[in-house]
Amino acid sequence: MVAIANTVESGSHDDGALVAAFRQGDEEAFVALVRRYNGLLVRVACRYTDSFAVAEEVAQETWIAVLKGIDGFQGRAALRSWLMTVLVNCARRRAASERRAVPLAALADGDGDAGRDPTDFFPADHSRWAGMWTTCVSNWADIPHERFLAAETQQRVRSAIDELPPAHRAVITLRDICGLSSSEVCELLELTEGNARVLLHRARGRVRRTLAQYVEALC
Amino acid sequence: MLTCQQIVDLVTAYLEGDLPAHERLGFEKHVAICPPCRAHLAQMRRVIATTGTLTVEDVSGEAELALRHAFRDWNARRGDG
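If you read the protein sequences in the order shown, they are chains L and E.
Here the first sequence stands for residues 1 to 219, numbered as in the numbering used here.
Here the second sequence stands for residues 220 to 300, numbered as in the numbering used here.
Possibly wrong hints are sitting among the right ones.
Cross-link-like lysine to any residue pairs, in silico, SDA-like; alpha carbons within 25 Å at most [unchecked claim]: (1) E:Lys248 to L:Val137; (2) L:Lys68 to E:Arg291; (3) E:Lys248 to E:Ala261; (4) E:Lys248 to L:Trp129; (5) E:Lys248 to L:Thr134.
Since the hints were derived computationally from the structure, they do not count as laboratory data.
For reference, chain L alone in the conformation it holds in the complex (with noise of 0.2 Å):
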C-alpha cells in the first residue's frame, strides 16, 4: 500500500507562485503543479468511480475546469482545497453524466465463483485426501522480484481487474489500488464488511490466476 507522497505538503507554500505564472501563460509552471497533485486527484476520484481508469480520466477532467475556473480562484483558500472542490464537481458530474441509477453495491452479482477453482482439490469425500491439493502450488520466491515490477505484468493486472464484474471490480481497486480501509470502502460502496470480503476475496483470487498464467509462463 503506497502513502500518499509527502512533496505535496513541502510544496504548498510555491503554489501561489506556480498559480502567478501559468496565469501569465508559464506553460511549465502548469505542469509542476500537474505533476504535483494528480496523484492525489486520481486517489481522491477512485473514492467516486468504480474502475481507476475513469479516475485517471476525472482527473484530467478536473485540470481542464481548473484552467477554465482558474480567475475565480482567488487564494483565500489553500490551491490544494480549491482543487478537491473542482475535483468533486467533475467526478459528480462524471457519475451523473453516466447515469449510474443504480448503486453499486446493488451490482454485487452472486456470481457462483468462490475465487478457486474446484479442481485444485481433492473432493470432501475423498477416501484419503479430501480438501487437500491435487496441484503443485508454485513458489513465487523462485521467480525474479523485477518480473512482478515490469510494466507488462502491471499491465495485465490492470486488465485482469478491468475484466472483473463492477462490485469486485470497485472493492479491489479500492481497496489494494486506492489504498481505501474496509471501513470507508463499505461506506461508500454500501456493503456489510463481509459482503466486501467476499467481493475482495473473489476479485483477488481472480488476479491470482492472471497473474500465475503470466508470470509462471515466462520460467
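We have chain L already, so just place chain E on it with the hints.
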C-alpha cells in the same frame, strides 16, 4: 484440522485480520506444515503487493501531453481576450 481447500477459502479473512483467535491459530498451524498452502499464502501476498504498485504517483506521459495541448489552447484564447 483445516483442509487445504478451507485454507484457500479463508486466506482473505486471515490477511484482513478477521479470523477469531482459535481459527487464526488453526490456519497458521496448517500453513506451517503444508508447503502448497504456504506457497498459496505467499502468492496472495504478492498479488496484493503487485496490485498496490498500480497506484499512480504522478501523471502519465500521454496525459501530460494532452494537458499541455489544453493549456496552449486556453492560453491562446486568453491572449485573444
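How the hints compare with the structure:
1. E:Lys248 to L:Val137: This hinted pair holds, its Cα atoms lying about 18 Å apart.
2. L:Lys68 to E:Arg291: Measuring from Cα to Cα gives roughly 12 Å; hence the hint holds.
3. E:Lys248 to E:Ala261: holds (15 Å)
4. E:Lys248 to L:Trp129: Satisfied, since the Cα-Cα distance of roughly 18 Å is no more than 25 Å.
5. E:Lys248 to L:Thr134: holds (20 Å)
In summary, the structure agrees with every hint in the numbered list given earlier.
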